[in-house]
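S.K.: Which chain is which? The protein sequence lines are A and B, in order. Heads up: the first sequence is residues 5 to 219, going by our numbering. Heads up: the second sequence is residues 5 to 219, going by our numbering.
In case anyone wonders, no lab produced these hints; they're calculated from the structure. Among the hints, erroneous ones may be present.
Copies of the same chain look alike in the list, so a pair counts if it works inside one copy or between any two.
[To be verified] Computed cross-link-like contacts, EDC-like style, restricted to lysine to aspartate or glutamate with a CA-CA straight-line distance of at most 16 Å: (1) Lys110 with Glu199; (2) Lys11 with Glu66; (3) Lys11 with Glu109; (4) Lys11 with Glu149; (5) Lys180 with Glu139.
There are 2 protein chains.
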Amino acid sequence: MTKQTTKMYLQIVRELRLLIEKENIRPGGKIPSERELAERLQVGRSTVREALRSLELLGLIETKRGEGTFLTDFRNHKLVEVLSTFILQDTKTVGDIHVTREIHEKEAIRIVAGTPTLNQLPVWSSLLMQLQEDESIVREDLIREILISTNNRLSLKMWFLLKQYGDEPFQGHSEKDENQHIQQLLNAIISGEIEHAIHSYRGWITWLSQGREII
Amino acid sequence: MTKQTTKMYLQIVRELRLLIEKENIRPGGKIPSERELAERLQVGRSTVREALRSLELLGLIETKRGEGTFLTDFRNHKLVEVLSTFILQDTKTVGDIHVTREIHEKEAIRIVAGTPTLNQLPVWSSLLMQLQEDESIVREDLIREILISTNNRLSLKMWFLLKQYGDEPFQGHSEKDENQHIQQLLNAIISGEIEHAIHSYRGWITWLSQGREII
DNA sequence: TTTTTCAAAGTGGTCTGACCACTCAATGAA
DNA sequence: TTCATTGAGTGGTCAGACCACTTTGAAAAA
Chain A
5 MTKQTTKMYL
15 QIVRELRLLI
25 EKENIRPGGK
35 IPSERELAER
45 LQVGRSTVRE
55 ALRSLELLGL
65 IETKRGEGTF
75 LTDFRNHKLV
85 EVLSTFILQD
95 TKTVGDIHVT
105 REIHEKEAIR
115 IVAGTPTLNQ
125 LPVWSSLLMQ
135 LQEDESIVRE
145 DLIREILIST
155 NNRLSLKMWF
165 LLKQYGDEPF
175 QGHSEKDENQ
185 HIQQLLNAII
195 SGEIEHAIHS
205 YRGWITWLSQ
215 GREII
Chain B
5 MTKQTTKMYL
15 QIVRELRLLI
25 EKENIRPGGK
35 IPSERELAER
45 LQVGRSTVRE
55 ALRSLELLGL
65 IETKRGEGTF
75 LTDFRNHKLV
85 EVLSTFILQD
95 TKTVGDIHVT
105 REIHEKEAIR
115 IVAGTPTLNQ
125 LPVWSSLLMQ
135 LQEDESIVRE
145 DLIREILIST
155 NNRLSLKMWF
165 LLKQYGDEPF
175 QGHSEKDENQ
185 HIQQLLNAII
195 SGEIEHAIHS
205 YRGWITWLSQ
215 GREII
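Please build the complete structure, drawing on both the sequences and the hints.
M.R.: Structure follows, in C-alpha cells:
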C-alpha cells in the first residue's frame, strides 16, 4: 500500500517491536532477514531497510553483513556519537539531560534511605568498608546499585540511557575527596537520614561539576 | 563506491553534519533534496534516505512530503518516544510506569516549591482562586503547569509519555474532595514548604489510587 | 486589471530488480 | 579424518520507475 498516511517505516518500527515481543527475541537474538521481513509485512525491502537503519543508529539493533540483524543490549555508542555531534552544542539540552538523570538518582536515594529493609542492605556497609580500606568506588557503580535496589526497572533503564547521552569524562579529581563524599552519602543512607543523604548527594554532584569546569 | 568498510549511510550522516555547518543551516532551515544530496555525495538515493530516516527517527530532521527536509529544533526529544516503546515493551509493569511518573512529578513540585521565583508565579494563586470559586481543575493540567515551570523539557516529555502509557480513567471521585487535596498542595507550594507540598501530593495520589481500586 | 484555474516542476514515499561483499555450512576431494 | 571449495543466505548499494503531495506561475476567466 503506497497510500498510508502514517509513514511506512515508522509502521515497520512498530511492527518490529511487536514481532520481537511475540517471538520473544532476546538481546543478542536474531531478527528475521530483510527479505523475509519485507515479504511478511508486505512492503519493499528498501522500506524495511529504512526502519532497520534507524533502529541501528539508535543502537537498538546491530547488523552483520553476511550474517544477519541482531537485537542489541541497549548500550551501543553510535547513538551517543551521533547525538553528541548534532546536539551536544546545545547547552540547554545537555543541562536537561543531567538534571533529569539527577532526578532519578535523587529519588532512588530518598527511597533507599527511607525504607528500612533497603537501607539495611548489607551492600552499603560492605561498600563503606571498601572505602575505608582505601579501595575506590566508581560513582556509576554506586548509583546503579542504589537504583537497582529500588526495584524500578523502568527508572533504571531511563537512567542508563540518560547516562549514555550525557556522559562526560570525570577527570582531575582527587580520589580521596570523592571518597569522602561517598562515605557521607552511604552513612546517611544506612542511618536512614533522607535529607542528610540528599544533601550529601547534592554536595557530591556540585563538587563533580566544579571539577568538570576546571578542565 | 560499494567497497567502503565504514557503512555508507553513517558516512552520509557525517557529511550531512558538515554540510549543515558549512552552509549554516539553522533549525527550521531546508536541507538539500534527496536527489541533490545523492548526486553531490555520489551515492544512491536510497542510501541517502537511510541516513535521513535515521536522523528523522532521532528527531534531528523533519520531512514534509512535497516540500522537503528540514532541520528541527533539537529540543524535540523525539527519540524518547522510540526508545520508550522499545523499553516499555518488556517492562510492562504498570506499577513502574506510575512510580516513575510520580518521580518526575514529585521532583518538579520540590523544585517549584523550593524556588522563590517559581513559587511566586501568579499562576498558582490564580488556580487557587479558581478552586475557591468551585471551578474544578483537572489533575493533569495542574501537574503539567508545574512541570513546565521547572523548564526541563526533557523531563516534561518523559512525563507526557509516561502519562500516555500508564493512563487510566479517573472516575468515581468526588470533585469536592479532590479540590481539597489540590488546594492543600497549592498552598504549600506558594508558601514554599517543600515537605508539606510533597506530603500533600502523596496524600492526593494515595486518595486517587484508592478511588481507582473501587472501580 | 484582477482573480481564478490548473498544469508542470520539484519533493518525499515506495517498490522492484539487479549486483556486490561477506559468512557459514554442506559437499566433496585429499 | 582433514581440508578446500562451493553455493545458499544475508546485508550493502544502486538505478529507475511510479505515486502522492506542495508550490508556483502562466493561462484563462472575471
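S.K.: As a check of your reading, is Lys11 near Glu109 (CA-CA no more than 16 Å) within one copy, between copies, both or neither?
M.R.: neither (37 Å within a copy, 33 Å between copies)
S.K.: What label fits Lys110 with Glu199 when the C-alpha limit is 16 Å: within, between, both, or neither?
M.R.: both (10 Å within a copy, 15 Å between copies)
S.K.: At 16 Å max between alpha carbons, let me know whether Lys11 reaches Glu149 within a copy, between copies, both or neither.
M.R.: Neither. Shortest intra-copy (41 Å) and inter-copy (32 Å) distances fail the 16 Å Cα cut-off.
S.K.: With identical chains, the pair Lys11 and Glu66 could be close in the same copy or across copies; at 16 Å between alpha carbons, which is it: within, between, both, or neither?
M.R.: between (23 Å within a copy, 12 Å between copies)
S.K.: What label fits Lys180 with Glu139 when the C-alpha limit is 16 Å: within, between, both, or neither?
M.R.: within (10 Å within a copy, 57 Å between copies)
Going down the numbered hints, you'll see the structure goes against 3, 4, while the others check out.
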